[in-house]
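2 protein chains.
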Amino acid sequence: MKIVRPTFLVDENICRANIRRMADRAARQKLQFRPHFKTHQSATIGEWFRQAGVQSITVSSVQMAAYFASHGWEDITIAFPVNVLEIEEINRLAQQIKLNLLVENTSALSLLKKELTGEVGLYIEIDTGYFRSGIEINRVNQADELLALLKGSPQLQFRGFLSHTGQTYSARSADEISVRHADALLKLRSLKAYYQAEWPNLEISLGDTPACSVCEQFDGVDEIRPGNFVFYDLMQQQLGVCSPEDIAVSVACPVVSRHLSRNEVVIYGGAVHLSKEFILRPEGKRTFGRVAVRTNGRLELLSEETYVSALSQEHGIIRAAFADVNRLQVGSVVEIIPVHSCLTADLAGCYYTTSGEKIEKMAKS
Amino acid sequence: MKIVRPTFLVDENICRANIRRMADRAARQKLQFRPHFKTHQSATIGEWFRQAGVQSITVSSVQMAAYFASHGWEDITIAFPVNVLEIEEINRLAQQIKLNLLVENTSALSLLKKELTGEVGLYIEIDTGYFRSGIEINRVNQADELLALLKGSPQLQFRGFLSHTGQTYSARSADEISVRHADALLKLRSLKAYYQAEWPNLEISLGDTPACSVCEQFDGVDEIRPGNFVFYDLMQQQLGVCSPEDIAVSVACPVVSRHLSRNEVVIYGGAVHLSKEFILRPEGKRTFGRVAVRTNGRLELLSEETYVSALSQEHGIIRAAFADVNRLQVGSVVEIIPVHSCLTADLAGCYYTTSGEKIEKMAKS
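In order, the protein sequences belong to chains A and B. Start counting the first sequence at 68; every next residue gets the next number (my numbering). Start counting the second sequence at 68; every next residue gets the next number (my numbering).
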């Protein structure tokens, strides 16, 4: 394959190793492994998971559930507060597969209860301190209200409590991830204890990529749902969650111009290829990606001082260390390691393996 | 049309009025109007331009040129430093349409000269102070080198100097836009004067949306290429370039949860629908969009204090003013006015008019 324009590349070996490592961790800790497929959104990469023994998955939208159901996945949790406006598709899916939904407020649950025609599993979302969605852990009465509502319905099977410990993403070290994870764990265990008499089979589902990658303590947890680990990215590396060698993806971008008077190189690769997600460098400047060069199939990261410093729609600006400038020639291709692989992958129409095979993914609607 | 998931909406009346107003401004000032189609990337909206008399267009990639060529556009400038790796497609297009390319360095021009089989128009990109791509205005000798190189080639027809005055985007007021535009204009006029003896037909092409929307002085300019004005957005409004009523687009998003204890509402609509582009509010907090509600077809902006304060992949968090909270009920649909419409539009698979007709756009590759 000749790369001539921005191209999202997946190193299949690294990606499969990331999948295997996480599947092994889950097995070792006797946790149900229900990986989140929102990061890759790809039927092809889904098969790599299947080959690692995965049978149940997590997605973030009804459309994504429909896409993976059409590719043979029969046990899917939509880990997003149920959007009852999509009831038609939800009812279709409930006929077709084992579908789990997420609720966290009585308005949505009442609407769902009224319009649902098939049987679904139901998780109640709990917020242990991320403050995005879910019932705040200290407002258990809201969970009681939901449980009272769903009790009457033969179509709504209560499965347990689900939480996303997104607060680990703003930790500053692996130690801090462990502290935040342990805090969430304690809260969810006490919730489980509180409800277990009445609901002896209730499950606890949690597991963000940072905690699942670095923490060893999951007592009381039944299921984990990490997603990003399949690719990893600079954000995870900065958190101390993965090493640069674990990052399975890059965006290959042609070099179109060099401005040596300001140590800058212009690539064809902008916000519509990389996303505007950034992290801060030690001196406080924004970076939208690190820069690497592939020689004979081997990827070599350039210096930390060579990085994507600005993006417009299709232009990327690399601020280059003096030693790297000559490796970035007009007409050559460099690879950008993304800051947040979920958003970068979402922007691509499809991916390619580093050996040039096309990887299908879900289309934008 | 029933909106059940994040949906990019275009108000056709506002959009056509924006097109007409800019076409009229260009006509009044006797400027060739070559609108940039990167904002909408849509054959349907292209037809609205055609109906306003537009025949020549600007795009930002070879693929976009191919897409619009396949929809009957026969005079296209690719306003991006030529990426010679795409020479095959460039050669195909050069056979098919009147194609203009952009160069700003001898490496790319040498490669192009060697491999080009058809005839193309050529602009030299000039940087008047944006520092992204282009020859810096005080390094005219580099333009001489390019002109010397292209002189020998019958396939390379020199058209003139093209510049993107992107520095107007970081202005703080309409007055500052005018100052920056006037500065760029002076520089380009002196360049034109310098080269006019040898190249009597050379053109000056410039024109970003801010300057084209608010400035009246274009003496010496032959062509303008604004793009964003077709939709406008919060960024342009914050710059003083358009009023809220001129913004033609929004992303309709279902409300899935309310957290009244922290004045927050959760929508189905995240970074993959809106993009992570933000602007700063007066108190320094980031906003990813304003919030509006449509009643009987009429869009009503909610308070300035009600705004999208955080985004993850599919979740959006609205921080809501007390007076607005009750208008944001679970199961209803709100509309988010985007910060940067180019990036938000790019994320959509297609658009819909506010009356429910589908608008085709270019697919992601």
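Be a bit skeptical, because a hint or two may be false.
Identical chains share a label here; the pair holds if one copy fits it or two copies do between them.
With a cut-off of at most 20 angstroms between alpha-carbon atoms, the simulated DMTMM-like pairs for lysine to aspartate or glutamate come out as follows [what the hints assert, rightly or not]:
(1) Lys181 x Glu265
(2) Lys181 x Glu155
(3) Lys97 x Glu156
(4) Lys218 x Asp242
(5) Lys69 x Glu155
(6) Lys97 x Glu371
(7) Lys165 x Glu155
(8) Lys352 x Glu371
(9) Lys69 x Glu182
(10) Lys425 x Glu212
(11) Lys69 x Asp391
Worth flagging that the hints you see were computed from the coordinates, not collected in a lab.
Now the hints, each set against the structure:
1. For a Cα distance limit of 20 angstroms, the shortest separation of Lys181 from Glu265 qualifies neither inside one copy, at 25 angstroms, nor across copies, at 78 angstroms.
2. Within a single copy, Lys181 and Glu155 get their C-alpha atoms as close as 13 angstroms, which meets the 20 angstroms cut-off; across copies the closest is 57 angstroms, which misses it.
3. For the identical chains of this complex, Lys97 and Glu156 are neighbours neither inside a copy (33 angstroms) nor across copies (53 angstroms), given an alpha-carbon limit of 20 angstroms.
4. Taking identical chains as interchangeable, the C-alpha atoms of Lys218 and Asp242 are never at most 20 angstroms apart, the minima being 41 angstroms within one chain and 64 angstroms between chains.
5. Only between protomers do Lys69 and Glu155 lie at most 20 angstroms apart by alpha-carbon distance; the minimum there is 12 angstroms, versus 43 angstroms within a single protomer.
6. Neither within a single protomer nor between protomers do Lys97 and Glu371 lie at most 20 angstroms apart by alpha-carbon distance, with minima of 39 angstroms and 50 angstroms respectively.
7. Proximity of Lys165 to Glu155 under the C-alpha cut-off of 20 angstroms is restricted to the intra-copy arrangement: shortest distance 16 angstroms within a copy versus 48 angstroms between copies.
8. For a Cα distance limit of 20 angstroms, the shortest separation of Lys352 from Glu371 inside one copy, 13 angstroms, qualifies, whereas the shortest one across copies, 29 angstroms, does not.
9. With identical chains, the CA atoms of Lys69 and Glu182 are at most 20 angstroms apart between copies only, with a shortest distance of 16 angstroms across copies and 51 angstroms within one.
10. For the identical chains of this complex, Lys425 and Glu212 are neighbours neither inside a copy (48 angstroms) nor across copies (41 angstroms), given an alpha-carbon limit of 20 angstroms.
11. Taking identical chains as interchangeable, the C-alpha atoms of Lys69 and Asp391 are never at most 20 angstroms apart, the minima being 23 angstroms within one chain and 53 angstroms between chains.
Violation of the numbered hints given earlier is confined to hints 1, 3, 4, 6, 10 and 11; the remaining hints are satisfied by the structure.
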